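Student: Listed in order, the protein sequences are those of chains A and B. According to our numbering, the first sequence is numbered sequentially starting from 1. According to our numbering, the second sequence is numbered sequentially starting from 1.
For the record, the hints were derived by calculation from the structure and aren't laboratory data. Since we're looking at a predicted model, the values are computed, not measured. Misleading hints may appear alongside valid ones.
Unchecked claim - In silico lysine-lysine, DSSO-like type, Cα no more than 27 Å apart, as pairs: (1) LYS41(A) with LYS15(A); (2) LYS126(B) with LYS15(A); (3) LYS41(A) with LYS118(B); (4) LYS126(B) with LYS41(A).
Unchecked claim - Computed Cβ-Cβ distance ranges for the label pairs, DEER-style: (5) GLN42(B) with LYS41(A): 36 to 46 Å; (6) ARG19(A) with GLU50(B): 20 to 30 Å; (7) GLY90(B) with SER59(A): 43 to 53 Å; (8) GLU18(B) with ALA25(A): 44 to 54 Å; (9) SER130(B) with MET1(A): 20 to 30 Å; (10) PRO101(B) with VAL35(A): 56 to 66 Å.
Claimed, not checked - Calculated from the model, a selection of chain A residues having no Cβ within reach of chain B, i.e. all distances over 12 Å: (11) ILE2; (12) HIS9; (13) THR16; (14) GLN20; (15) ARG52; (16) PHE61.
The beta-carbon is built from N, C-alpha and C at its ideal position, and this holds for glycine as well.
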Amino acid sequence: MITLLFFAHLADQAKTRERQVPLAATPQRVVENDVNLNFLKDRSLRVAVNRRWAHWDTSLFDGDEVAFLPPLGVI
Amino acid sequence: MEEVPFFTIAPIAVDGIEERARETEPGAVVSFQSVVRLDRTQEGPVTALEFEAYEAMGELEMNRILEEVERRWPGTRMLCQHRLGRIPVGETSLFLVVSSPRRVDAFSACHYALEQMKGRVPLWKKDVFSDGSSRWSEDHRETMLISDSVLTYPPS
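Given the sequences, and given the hints that come with them, work out the whole structure.
Tutor: As structure tokens, this is what we get:
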């Protein structure tokens, strides 16, 4: 299993801040595997794995924490 | 940050943080405050901002920026704090202070840190209106500081 984290308006759309899902190969696969995550498509998002900026094709491992992050720039 | 937690819910103790930045008796101290301003929008005046962060990652990213500053401008010390939760108009949301033996280094480090934070610290804000309603701010100017991690789904 891996943990997904949602922030800002993504948390509103997910109706949760955190969700456990089965391990997938990459963050891209995580989104493709779950129709409930369709709201993550067609958006300019960034992704972090284990609290570091990552890529959509970064390899995932059991226990990883994957965060979907809306655009920044509020500072 | 080592000495000042980067995130706080309480109002930022600006004077106390700046005093700590002066402990090393630097030649120059440069500080920056981001203050919530009264914005007028189509929905009405914005009376407060509400900040949310991915705190665990934000602390790590700030420590990385701090290390970069100290490496690029030796002898420079930086203290920084960002307030989370609802912040009324007129109050400080971000305080950053840089002390250094040299003026030019203090200014350069302050500017560098702010630009890096804008693109790397996971932080978002909501506009709060006088009737209590709120909406996520669309004032997002994505900075492409680390362009290889700015991705659009689906990946190309």
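Student: Does each hint fit the structure? Answer for all of them.
Tutor: Cross-check of the supplied hints:
1. LYS41(A) with LYS15(A): holds (16 Å)
2. LYS126(B) with LYS15(A): holds (17 Å)
3. LYS41(A) with LYS118(B): holds (24 Å)
4. LYS126(B) with LYS41(A): Holds, at about 22 Å.
5. GLN42(B) with LYS41(A): 36 to 46 Å: Taking Cβ atoms as reference, GLN42(B) and LYS41(A) lie about 29 Å apart, which means the hint is violated.
6. ARG19(A) with GLU50(B): 20 to 30 Å: holds (23 Å)
7. GLY90(B) with SER59(A): 43 to 53 Å: holds (47 Å)
8. GLU18(B) with ALA25(A): 44 to 54 Å: With Cβ atoms ~49 Å apart, the hint holds.
9. SER130(B) with MET1(A): 20 to 30 Å: Taking Cβ atoms as reference, SER130(B) and MET1(A) lie about 44 Å apart, which means the hint is violated.
10. PRO101(B) with VAL35(A): 56 to 66 Å: holds (58 Å)
11. ILE2: holds (16 Å)
12. HIS9: HIS9(A) is in fact no farther than 12 Å from some Cβ atom of chain B, at 5 Å.
13. THR16: Check passes; 14 Å lies beyond 12 Å.
14. GLN20: holds (17 Å)
15. ARG52: violated (8 Å)
16. PHE61: Holds, because the least Cβ-Cβ distance between PHE61(A) and chain B comes to about 18 Å, which exceeds 12 Å.
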